[in-house]
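Protein chains: 2
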Amino acid sequence: MKKLINRVDDIVAEALQGMAAAHPDLVEINLEPRYLVRRGAPAAGKVALVSGGGSGHEPMHGGFVGMGMLSGACPGEVFTSPTPDQIYECTKRAHGGAGVVHIVKNYTGDVMNFEMAAELAQAEGIEVRSVVINDDVAVQDSLYTAGRRGVGATVLAEKIAGACAEDGGSLSEVADVVKEVNESARSMGMALTSCTVPSAGKPTFELGEDEMEIGIGIHGEPGRERTKLVPADRIVDRLMEPVLSDGPFKSGDRVLAFVDGMGGTPLLELYVCMRQVAAVLEDGGYRRERTLIGNYITSLEMAGLSITLLRLNDELVRLWDAPVHTPALRWGV
Amino acid sequence: MKKLINRVDDIVAEALQGMAAAHPDLVEINLEPRYLVRRGAPAAGKVALVSGGGSGHEPMHGGFVGMGMLSGACPGEVFTSPTPDQIYECTKRAHGGAGVVHIVKNYTGDVMNFEMAAELAQAEGIEVRSVVINDDVAVQDSLYTAGRRGVGATVLAEKIAGACAEDGGSLSEVADVVKEVNESARSMGMALTSCTVPSAGKPTFELGEDEMEIGIGIHGEPGRERTKLVPADRIVDRLMEPVLSDGPFKSGDRVLAFVDGMGGTPLLELYVCMRQVAAVLEDGGYRRERTLIGNYITSLEMAGLSITLLRLNDELVRLWDAPVHTPALRWGV
Numbered sequence: 001m002k003k004l005i006n007r008v009d010d011i012v013a014e015a016l017q018g019m020a021a022a023h024p025d026l027v028e029i030n031l032e033p034r035y036l037v038r039r040g041a042p043a044a045g046k047v048a049l050v051s052g053g054g055s056g057h058e059p060m061h062g063g064f065v066g067m068g069m070l071s072g073a074c075p076g077e078v079f080t081s082p083t084p085d086q087i088y089e090c091t092k093r094a095h096g097g098a099g100v101v102h103i104v105k106n107y108t109g110d111v112m113n114f115e116m117a118a119e120l121a122q123a124e125g126i127e128v129r130s131v132v133i134n135d136d137v138a139v140q141d142s143l144y145t146a147g148r149r150g151v152g153a154t155v156l157a158e159k160i161a162g163a164c165a166e167d168g169g170s171l172s173e174v175a176d177v178v179k180e181v182n183e184s185a186r187s188m189g190m191a192l193t194s195c196t197v198p199s200a201g202k203p204t205f206e207l208g209e210d211e212m213e214i215g216i217g218i219h220g221e222p223g224r225e226r227t228k229l230v231p232a233d234r235i236v237d238r239l240m241e242p243v244l245s246d247g248p249f250k251s252g253d254r255v256l257a258f259v260d261g262m263g264g265t266p267l268l269e270l271y272v273c274m275r276q277v278a279a280v281l282e283d284g285g286y287r288r289e290r291t292l293i294g295n296y297i298t299s300l301e302m303a304g305l306s307i308t309l310l311r312l313n314d315e316l317v318r319l320w321d322a323p324v325h326t327p328a329l330r331w332g333v
Numbered sequence: 001m002k003k004l005i006n007r008v009d010d011i012v013a014e015a016l017q018g019m020a021a022a023h024p025d026l027v028e029i030n031l032e033p034r035y036l037v038r039r040g041a042p043a044a045g046k047v048a049l050v051s052g053g054g055s056g057h058e059p060m061h062g063g064f065v066g067m068g069m070l071s072g073a074c075p076g077e078v079f080t081s082p083t084p085d086q087i088y089e090c091t092k093r094a095h096g097g098a099g100v101v102h103i104v105k106n107y108t109g110d111v112m113n114f115e116m117a118a119e120l121a122q123a124e125g126i127e128v129r130s131v132v133i134n135d136d137v138a139v140q141d142s143l144y145t146a147g148r149r150g151v152g153a154t155v156l157a158e159k160i161a162g163a164c165a166e167d168g169g170s171l172s173e174v175a176d177v178v179k180e181v182n183e184s185a186r187s188m189g190m191a192l193t194s195c196t197v198p199s200a201g202k203p204t205f206e207l208g209e210d211e212m213e214i215g216i217g218i219h220g221e222p223g224r225e226r227t228k229l230v231p232a233d234r235i236v237d238r239l240m241e242p243v244l245s246d247g248p249f250k251s252g253d254r255v256l257a258f259v260d261g262m263g264g265t266p267l268l269e270l271y272v273c274m275r276q277v278a279a280v281l282e283d284g285g286y287r288r289e290r291t292l293i294g295n296y297i298t299s300l301e302m303a304g305l306s307i308t309l310l311r312l313n314d315e316l317v318r319l320w321d322a323p324v325h326t327p328a329l330r331w332g333v
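If you're matching them up, the sequences are chains A and B in order. Per the numbering used here, residue 1 is the first one in the first sequence, and the count goes up by one each step. Per the numbering used here, residue 1 is the first one in the second sequence, and the count goes up by one each step.
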């Protein structure tokens with residue numbers, strides 16, 4: 001296993017310290033239990049937005065803490081849910097008096113631990129609303145999930161709901177916009193290679209030199225099929241077809257297209273794929289009004305990509321375009 | 001070879017089309033010969049900033065075209081210099097009447113082809129100043145270079161000089177600030193793995209399961225030493241020591257620290273390294289006033305990192321902080 005790490009047990013804590021060193025103007029960290037909050041938290045009178053999940057998907061979620069996006073994030077060990085204690089403490093620290101929305105990706109451990117944390121917080125009088133993200137159309141149930149997995153829509157929901165909270169949206173309004181994004185978005189991913197979880201020390205799965213996995217999960221969970229490698233345009237087609245047919249999309253719709261690298265994919269290749277995403281949408285009569293491309297929800301050094309589509313309306317566009325200032329997403333400021 | 005591509009010969013053109021599709025508000029592309037310019041180029045009355053080099057280092061340079069940074073960029077084939085014709089046409093297209101500064105990384109082919117393009121442009125009455133970037137302290141001469149190689153300082157010079165041009169700086173002023181950044185910056189990189197150039201179809205070099213290469217070039221050129229893998233903190237130490245001792249740095253200096261991923265390095269690991277970069281600078285009495293961390297100058301899917309330090313002064317900080325709006329760097333707007 002070749003990684004730029006010290007001791008396996010220290011990776012997450014040391015990366016958090018690195019984030020604090022790199023972005024002292026944006027985030028504050030707590031090491032015991034581990035979480036990040038926006039600098040100067042809580043934002044008094046505003047709804048707080050807290051997310052979290054296993055580490056190894058950076059910049060998600062810590063890289064999305066800051067003005068106009070998350071109030072706090074709880075990083076678990078690599079590919080491991082954060083503990084109820086982490087989420088509870090982060091929720092308390094982020095709470096500005098107007099309640100807290102939990103954005104939870106649909107993995108069994110995450111859902112359970114966020115639920116326990118919400119109960120603990122509610123017992124202390126903090127109002128919490130939880131929304132589960134489940135946009136991945138690849139499989140119905142999966143290794144760590146009952147129902148669909150939560151992937152790319154998480155990033156979009158965190159940005160859009162963060163803008164709503166920044167605007168002074170109520171607890172219901174912020175929770176509702178997370179739900180709306182989740183219902184209006186669909187995703188699917190694929191991998192060319194596995195990644196290696198540090199504590200395991202070897203690749204999570206093996207793929208032949210001419211094989212790829214279509215519908216992969218962000219922890220390497222099996223997808224729909226393992227097939228021969230085909231040209232990039234055909235790979236994009238095989239992701240776009242189920243995303244478009246499963247989702248709420250119809251020709252003429254306004255959409256945001258999000259092309260996401262899995263961590264080890266050269267940007268050059270993401271742009272090659274972007275070209276075909278744009279072509280498929282244009283051919284189908286969709287109006288692509290916003291685009292996000294880069295590494296935002298990753299699986300360590302896995303090579304591959306995922307594609308997320310979000311159906312837009314005026315309000316979602318307005319919230320998407322609103323200023324954001326986090327380590328990984330920044331505009332308007 | 002596993003890559004998200006169609007035909008090897010089409011990668012660069014298709015990636016350019018993907019960039020145009022993703023960022024229509026920021027860039028315009030030309031396919032024959034290949035270059036990108038800022039949307040609405042030329043900016044009349046302003047000095048134009050043109051760079052370029054082999055593809056495979058994305059987002060450099062195309063991702064840095066836009067307001068407050070580059071006016072144009074010329075992508076060669078993967079790890080291959082752009083042709084004089086590309087650079088000449090891009091220079092003409094970007095020229096807004098106030099002259100053009102060429103930012104050239106010190107690789108023999110780049111230097112030669114930018115020189116020829118500058119002569120062609122000058123023959124047509126366009127004033128061109130060229131500045132060669134050579135910040136890499138790893139080796140004196142290298143596979144494709146006489147003298148030091150140009151790496152991370154290129155990104156910093158493009159940002160800072162772009163702000164100077166945006167401010168209405170004269171041709172001399174813009175060229176001089178590129179020189180100042182180059183003289184005030186030093187870099188060194190390392191690799192855990194090789195990358196695979198698409199046209200070669202196999203890794204550029206082989207490294208054993210427990211080996212790393214210290215002082216690697218961004219095309220996989222040999223570095224200072226191939227040694228056993230050591231913990232991340234010790235790797236950072238072995239990059240920081242030569243960077244600090246070769247450069248113009250002395251304790252008490254204000255510095256910008258740039259921790260750059262080679263393309264296949266998880267962000268989690270970059271932050272682990274960031275922690276030690278911050279610690280070394282603090283121990284040495286340096287005042288780290290600005291930080292950049294992420295994948296900005298890459299080597300396809302190579303795993304590894306480079307560290308660049310820039311000595312700051314008030315004017316460089318002002319130009320660094322000035323608004324920028326490109327596909328890969330954005331703030332203040």
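Rather than coming from a laboratory, the hints here were simulated on the basis of the structure. There may be inaccurate statements among the hints.
Since the list gives no way to pick out one identical chain from another, each pair is judged satisfied if it fits inside one copy or across any two copies.
[Said to hold, decoys possible] When the alpha-carbon atoms are kept at most 30 Å apart in a straight line, the in silico BS3-like pairs for lysine-lysine are as follows:
hint, residue 1, residue 2
1, Lys-228, Lys-179
2, Lys-179, Lys-2
3, Lys-202, Lys-2
4, Lys-2, Lys-92
5, Lys-92, Lys-250
6, Lys-46, Lys-228
7, Lys-202, Lys-250
8, Lys-46, Lys-92
9, Lys-228, Lys-202
10, Lys-228, Lys-2
All values derive from a computational prediction rather than experimental measurement.
Query raised in the report: Of the hints given before, which are not true for this structure?
Result: Numbers 1, 2, 4, 5, 6 and 7, in rising order.
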